[in-house]
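Asker: Generate the whole structure from the sequences, applying the supplied hints.
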Amino acid sequence: MLDYKKIGLKVGLEIHQQLDSGTKLFCRCPIKRSENFPEETRRRLRAVAGEMGITDKAALYEQTKSKLFVYKYNTESSCLVELDEQPPVGPNLKALEIAIQVCKLLECDIVDELHCMRKTLIDGSAVSGFQRTAFIGSKGKVRTNEGVVGITGVMLEEDSGTPSARSTEHVEYKIDRLGIPLVEIATDASICSPEQAQETAENIGLLLRSLSVVRGIGSIRQDVNVSIAQGARVEIKGFQELEKISNAVDNEVKRQMALIEIKEDLIKKGFKAQDIKAEDATDFFKDTKSNAIRKIVGENGRVFAAKLSKFKGLLKKQTGDRTFGKELSAYAAAHGYGIIHSDEDLEKYYLVNEFGILKKHLKAGEEDAIFITAGAKRNDAGGIGALEKAAHAVIQRANYCIIGVPEETRMADGFGSKYMRPLPGAGRLYPESDIQPVFLRDMAEKIKTPKTLLEKKKEMNLPEELADQIIRSKYLPWYEELSRFGETLVASTLLNTFKELSRRGLDITRIRKEDLSYLFTEVINRKVSKDSVSLILERYILSGSELRNIIKEFELMDENEIKAVIRKIIDKNHNANEGALMGIAMKELRGKADGERVMKLIREMKS
Amino acid sequence: MNERTEARSASYNSEIEKELEKKSIKVWDRIEVNNIHGILMPKSSGSKDTLIVKIDNGYNVGIVFNKNINKISGEKQPVDKKLKIDKYKKVEGLPTISIITTGGTVASRIDYNTGATHALNTAEEIAAAIPELQKAANIRLIPAFQMWSEDMEYYHWVKLAERIKQEIDEVQPDGIIVIHGTDIIHYTTAALSLMLQDLPVPVLVVGSQRSSDRASSDAAMNMICAVNFMTKTDFSGVAVCMHANMNDDFCHVQEGTHIRKMHTSRRDTFKSINVIPYAKVYYNGTVEFLRNDYCKKDKNRKINIITKFDKNIALVKMYPGFDYKIIENLAANGVRGIVLEGSGFGNFPINPIDDFTKYHQKLADLFSSVSKNVLLIMTSQAINGNPNLNVYSTGRIEQKLGIVPVDMTPETAFVKLGWVLGQTNDIEKAKEMMLNNYVGEISERIDPRAF
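Keeping their order, the protein sequence lines are chains A and B. Read in order, the letters of the first sequence are residues 1 to 607 in the working numbering. Read in order, the letters of the second sequence are residues 1 to 451 in the working numbering.
Rather than coming from a laboratory, the hints here were simulated on the basis of the structure. Every clue listed holds true.
Taking lysine-lysine and the BS3-like style, the derived pairs with C-alpha atoms no more than 27 Å apart in a straight line are:
{"#": "1", "chain 1": "B", "residue 1": "Lys76", "chain 2": "A", "residue 2": "Lys119"}
{"#": "2", "chain 1": "B", "residue 1": "Lys299", "chain 2": "B", "residue 2": "Lys280"}
{"#": "3", "chain 1": "A", "residue 1": "Lys139", "chain 2": "B", "residue 2": "Lys48"}
{"#": "4", "chain 1": "A", "residue 1": "Lys119", "chain 2": "B", "residue 2": "Lys48"}
{"#": "5", "chain 1": "A", "residue 1": "Lys139", "chain 2": "B", "residue 2": "Lys67"}
{"#": "6", "chain 1": "B", "residue 1": "Lys308", "chain 2": "B", "residue 2": "Lys296"}
{"#": "7", "chain 1": "B", "residue 1": "Lys43", "chain 2": "A", "residue 2": "Lys139"}
{"#": "8", "chain 1": "A", "residue 1": "Lys94", "chain 2": "B", "residue 2": "Lys48"}
Answerer: See below:
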């Protein structure tokens, strides 16, 4: 068990949650993801003078030779505001209300007046080149088993477009998501263990689900910032499941610790960072037995190679859940290529000979490693080979090892993470003067928060697991309306029965709330047994008949009839015990009598 | 548009100012109020009771003023990281383009600290904002005025025309760009077309719909296309150059007397009326002419400048139930000419049809008496197509009442009416001049593709 305190682990969370406010934050488009994108708008976004901190005229000129950004849209989910052809409308008051509720549930101080800002985005994910965002609350808290975690900020902002294609000349985004309101919740870095990180995310998630938030895949995004004392701040994004957070944090700690060990090892070996260039080594692979490489060379691709001095053995060192060699390959992958290195099993690749020759050619010594990267030759918009860039990225990353852990953004990957891109600089914030400030004080005072899910759970008379599940279920509103028919019955129908029917391929959307209400009423009136509920629902979906008629088929027998049947069975089976009698009785009475009732009667009448 | 924030130079209200002074707190100082730490910003928006504070993460927030405010430290106003702009150098062999600015977002940049905008005043600044311009031409920047275009009128058109002529006479540039707010570009281009006839080189008016602080602004491409068009073709005349559609593919160069702002916000807001655009100009400089009936560049040609204008004119739009007193009052107050925007072919409600509309006769009688001294010109609020007072009886009656139809857009007719009445007191002569086609402002024939 790692001593996280000693290691100096600091974790911060950033959670982005889409709000279900009916229409988008700054226009009246519905909050809707589209399935096809028949329209497009083509733009050349320009770096605005002074924006990037670029002061050199030549560099600025290069910047202005911008890529083509193609924005795909569907008119059902995008209007002129998203296309940056109309000033914004709003902000959406319902979204503002929900954001204030978030602040209240997180015990934040809410600002008196909302000032909307523009935050420049250089990746083109917003058509206008900036994101609209406003600060609403701070100094909040969320409680965990390991203590209170501070909330440093709650912001209300627009979601961005989603990247959908790219080439060296263009980048494409789908913009149905652009403009959907988000609340961003940022914690401080006081989270000090992977488990606490997970719990914090879960608790915040549970609070959010008490409010009117969008549900389903992609509606909530959690980013985790992890650092250890001798390491650096690393951002991990892209968690599809909440459960992976504690694994990812734990893995990141191990990864950073291993990188620090690599650094110490390099220092001992006297490593000096050198800005070397990879060489074109294609000729060495003309007669290779490796199918993959031969194919590449055959199709006029190239192979580039370079020495990584002092790295022998380090490339196969585990840095978290993967070797450092695999870690390096992600930096090449950012340019579209992979790598093969000398710490690997070269026999597997049929490259033993070539690597041997290359080692001599690159003057690699006993302590040195080498690597190759290969593929089709491609040039970027500036005419520079992408292969050279990939190799260079690997060399640079290896060089950085002598400094330590680089700050970067990583993508959640299995139980760990992989390099995604450099940490983005803070986008410049300046006032969004198309939107008037909104005075919040009076409004905030009047806004009430609904009962939280945890509060609702406390009031339930359900077994722990069922209660836990029902508060997280999208059927919670149905449960709340129907629970008067019997909490356990209703909860287990909505959770277990529905899941089972779904699993068998049945379309449970055919079951309406009114149907359940009717059915449960009949259960309460003892017209049907609660054991029959699942069978009745199944029959209802399959047959398409009216529920009323199906229920008739499952009508419980009259109490006296049941007694008569049981009397007969008891008489016929003198020596059978209660269990056996139960079995025989239920064979005959299943669906017509309540199991509990039968058992009770058997007990009574046997004596 | 963000440049219009009235309270840009406004300060906090006097009560707040007094309290701040008591504690020696000035704008830009680092302060603490209600547990919020940050920089006290100038008051540019929001409720009168709130302070604007920039907190350390860069966000502005509004805090209701509280006497428990404390000063943490005095700070200076941050200077916006200025682009190191090299002294502008002319390049031998490149054509010269003179840029005259009158306002608008193209020639402005934003102060990211306050959100306020400043005008660009030198060639260096505009070259820094749009470096591509320098590859195509040597540029000169002449600030003429700095105003919202809705406040412009004939006085400014006259000044602009004179400044353009002066620039052409003194410098002989290969073209002139006028940077202008988009709202009334179509009035200005009509005015310049009539006031500056026989132009030796082109005058292109350029505006921008999306503010230049954003990466998606249309400003740069409009300017780049304008410069490319003027340096690469033999076109001369007055035209507008702006986006042709919502993509950054190409701009349209459109005839100055046949355009209109047709959308409040889209970047392709200017559309040609009754003609098609002169040309498509692509981002990369390629030009595709769509028409060849334009005047050719000739640097030796002498400008014929006629900057007369009578401002005693009006533009009146017909509406159902039109109040004849509008015309009555205008006439009583000395108006010399009125451009009427009739419905359809150019119709006003002058027919007494039933009991309720009996009073329409008053308007008819009024037109008849007024037209003796006031030049009444008819255009159509349908905008596209030409008015025609021969087809229906209403029109024929209007002609008898002395109303003169002209084949021009209402705005172009309005500008021309002022220009004509500035040159003559003779109403018959004025009628003749209104019907004379000086620079193509009259739609003698309509291209079927134009709509």
